[in-house]
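Protein sequences appear in the order of chains P and A.
The first sequence runs 1 to 288 under this note's numbering.
The second sequence runs 1 to 305 under this note's numbering.
Please keep in mind that the hints were generated in silico from the structure rather than gathered at the bench.
All values derive from a computational prediction rather than experimental measurement.
Keep in mind that a hint or two might mislead.
Claimed, not checked - Pair ranges (Cβ atoms, derived): (1) A:Val290 / P:Ile34: 46 to 56 Å; (2) P:Leu157 / A:Val290: 23 to 33 Å; (3) P:Met59 / A:Leu127: 33 to 43 Å; (4) P:Ser147 / A:Leu293: 38 to 48 Å; (5) A:Val290 / P:Leu122: 13 to 23 Å.
Unchecked claim - If you want the ones that stay clear, here's a sample from chain A, every Cβ over 10 Å from chain P, calculated: (6) Thr18; (7) Gly167; (8) Ile204; (9) Ala253.
Unchecked claim - Once the Cα atoms are required to be at most 25 Å apart in a straight line, the calculated SDA-like pairs of lysine to any residue come out as: (10) A:Lys267 / P:Thr149; (11) A:Lys220 / A:Val110; (12) A:Lys267 / P:Pro234; (13) P:Lys246 / A:Leu154; (14) P:Lys246 / A:Lys267; (15) P:Lys51 / P:Lys246; (16) P:Lys246 / A:Thr166; (17) A:Lys220 / A:Ser201; (18) A:Lys83 / A:Arg58; (19) P:Lys51 / P:Pro253; (20) A:Lys267 / P:Pro232; (21) A:Lys220 / A:Leu154; (22) A:Lys267 / A:Arg85; (23) P:Lys246 / P:Asp43; (24) A:Lys267 / A:Gly165; (25) P:Lys246 / A:Pro162; (26) P:Lys246 / P:Pro233; (27) P:Lys246 / A:Gly159; (28) P:Lys246 / A:Gly266; (29) P:Lys246 / P:Leu35; (30) P:Lys246 / A:Leu158; (31) P:Lys246 / A:Ile163; (32) P:Lys246 / P:Asp48; (33) A:Lys83 / A:Arg28; (34) A:Lys83 / A:Leu72; (35) P:Lys246 / A:His255; (36) P:Lys246 / A:Gly167; (37) A:Lys267 / P:Leu144; (38) A:Lys267 / A:Asp66; (39) P:Lys246 / A:Leu156; (40) P:Lys246 / A:Ala253.
All C-beta atoms, glycine included, are put in the ideal place defined by N, C-alpha and C.
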Amino acid sequence: MSVAVVNAGPRRGWKSVSTWIGAIIVGIAVLCAILAPALVPHDPFAQDLDKRLLVPFWMEGTDPAYILGTDQLGRDYLSRLIYGCRISILIGVTVTVVSGLIGITIGVLGGFLGGRVDDAVLFAITTRLSIPVVLVALAVVGLLGSSMTLLVLTLGLLLWDRFAVVARSTTMQVRNLDFVAAAWCAGCSRFRILSREVLPNIASHLVVVATLEIALAILLEAALSFLGLGVPPPLPSWGLMIAEGKDYMFFSPWVIVIPGVALFVLVLGINLLGDGLRDLFGTHRTDT
Amino acid sequence: MFNFLIRRLVVAVLVAATVMTLAFILTRLSGDLATSIAGPNATQADIEAIRQAYGLDRPVLAQFFDWVGRALTGDLGESYFFKARVSTLIAERMPITLTLGLTGLVIALVVSLPLGILAAVRENTGLDRVVQMVALFGQAMPSFWLGLILMITLGLNLGWLPISGTGSWQHFVMPGIVLAFSAIPALTRLTRAGMIQAMGSDYIRTARAKGLSRASILLKHALRNAAIPVVAIAAVQLGFMLGGSIVIEQVFALHGVGFLAWESIGKNDFPVVQAVVLVLAVIYVALTMVADLMNAVLDPRLRGP
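So that you can see chain P by itself, here it is in the shape it has in the complex:
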């Protein structure tokens, strides 16, 4: 790739509008997640059977106290949406921490040590890719009972492949650079070279992977919760909200439209931010 190709795209990196949109969406979502108890107008778990399936603000006959209406048990939809955001972000981040620890460790070891170790790492990645993620996650949760911890561990143990692939290939590139050779000559230990020389230099790639993985984990959690084997009710996961609204969707479509749009926008925002970061780091690499 020549320099001309890099410069050909106008408005790249942080300047690009799409990255900003992504950053704003993610920022709002993170704020909602952290400040959820202070933000919600009602208790997201409080049921009021007199106020079932109230319509949201853009429709006729809305109740101003419930901006996004209520669900089939009369729980405030906005409050549940905000708490659902908390669950999505929490699961996305924790799953990525687990999968990142696993994937980066084996990827860096494979790329750095090479030989037999690398063969084993490649084999582990191939095997992992052949395992149907949704099915296995469903089976684990189905057999052991649904809980947040189990869900996070299961998804974390299943989603490390992309971390491993990227950590392995970038480590291989960095391993042969001059400053690593210099560190060897200076008598640094293997551990020191890995932690001080290799890891900081592949970190930017790993951050990009992390954003994609958070987005993927959020989508998978929603799908599993939708199938009833993810976050246990009455926790307001967006996937669970869609599942609960499914029976009413033909008469009150907004009960599935609202959480679905929230899910779509959040995942899109994370992906936009990730793409922007990739461009940003990409430019850095060509600058230095």
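With chain P held as given, fit chain A onto it using these hints.
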């Protein structure tokens, strides 16, 4: 070429063996299977009877080797709930999952190839950015939700397509569209990148110098080279789609293999669960092998020494 084939085959067999072991461990995760099959109201005697009837009183290793031995001869055991051979159950439901997967793949290719070519030809223009946006949108779309929305709009409001079930080919259109969404982003990006690379190559410059028409250069010379990785990845994507169709089969009440697995998970019918995991993994491994072979046949550089 022969060595390449053998090596690839050995890896495939090893992967299948590993998945088999993992599938076996997976179904034993809950600890005592007999208790969970018997249900909460069972007496100790019931549990004991189940344990003996299903051979769960034997040592775990004996159960494992028994399962592996039988699976190698094509015998995947017996379902507890359906009272039928697991292999028969899977064979009965496979056509639906395969139809769904292939429909999804065809829709994905029909959408992503033109989009990718278009974006490559108009690289760095507004059109290119729109195509990349479409890919990002597809990536962010929750498939089960898209399914429900299509049911409301195309099914209920417009009445174009049936909402659920498997009566006719129309029943596979909506789920096929939803499934295609998961493959469109990757296939579009790959087509675009491949076309951009091909358009910058020497043989395209030669073709231009010969004065060939734009259409001929694009479709006959550039696309033919850009299509190699796309075709290979399409095979891999089909593997992912078959594994991921469980959610969509559930949404549209398509009684395919994914639906079978879903039912069996709810009923603790572990012979079915472990068999479906194994079958889907083997199909995926076979498809990646096909992809690698296609790559090697089409691009001699990949065959190695």
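* Mind checking the alpha carbons of Lys246 (chain P) and Ala253 (chain A) for me, to see if they're no more than 25 Å apart? => Distance ~14 Å between Lys246 (chain P) and Ala253 (chain A) Cα, so the pair holds.
* Holds or violated: 38 to 48 Å for the Cβ distance of Ser147 (chain P) and Leu293 (chain A)? -> The hint (38 to 48 Å, Cβ to Cβ) holds, given that Ser147 (chain P) and Leu293 (chain A) are roughly 44 Å apart.
* Mind checking the alpha carbons of Lys246 (chain P) and Lys267 (chain A) for me, to see if they're no more than 25 Å apart? => holds, 23 Å
* 25 Å Cα cutoff - pair Lys51 (chain P), Pro253 (chain P) -> holds, 17 Å
* Is the Cα-Cα distance between Lys267 (chain A) and Arg85 (chain A) 25 Å or less? -> Between Lys267 (chain A) and Arg85 (chain A) the Cα gap is close to 16 Å, so the pair holds against 25 Å.
* To do: Take the C-alpha atoms of Lys83 (chain A) and Leu72 (chain A), compute the straight-line distance between them, and say whether it is at most 25 Å.
  => Given that 25 Å is the threshold and the Cα spacing comes to 21 Å, the pair holds.
* Non-interface claim for Thr18 (chain A), where every Cβ of chain P lies beyond 10 Å -> Non-interface label fails for Thr18 (chain A): nearest chain P Cβ at 5 Å, not farther than 10 Å.
* Does the alpha-carbon distance linking Lys220 (chain A) and Val110 (chain A) stay inside the 25 Å limit? -> OK: Lys220 (chain A) and Val110 (chain A) at ~18 Å, within 25 Å.
* Asked: Does Lys267 (chain A) pair with Gly165 (chain A) here, judged by a C-alpha cut-off of 25 Å?
  -> holds, 22 Å
* **Verdict for Leu157 (chain P), Val290 (chain A) (Cβ pair) under range 23 to 33 Å** => holds, 28 Å
* Would you check the hint for Lys83 (chain A) and Arg58 (chain A), treating anything up to 25 Å between C-alpha atoms as holding? => holds, 22 Å
* May I ask you to test the hint 13 to 23 Å on the CB atoms belonging to Val290 (chain A) and Leu122 (chain P)? => holds, 19 Å
Checked against the numbered hints above, the structure violates hints 6, 21 and 29; every other hint is satisfied.
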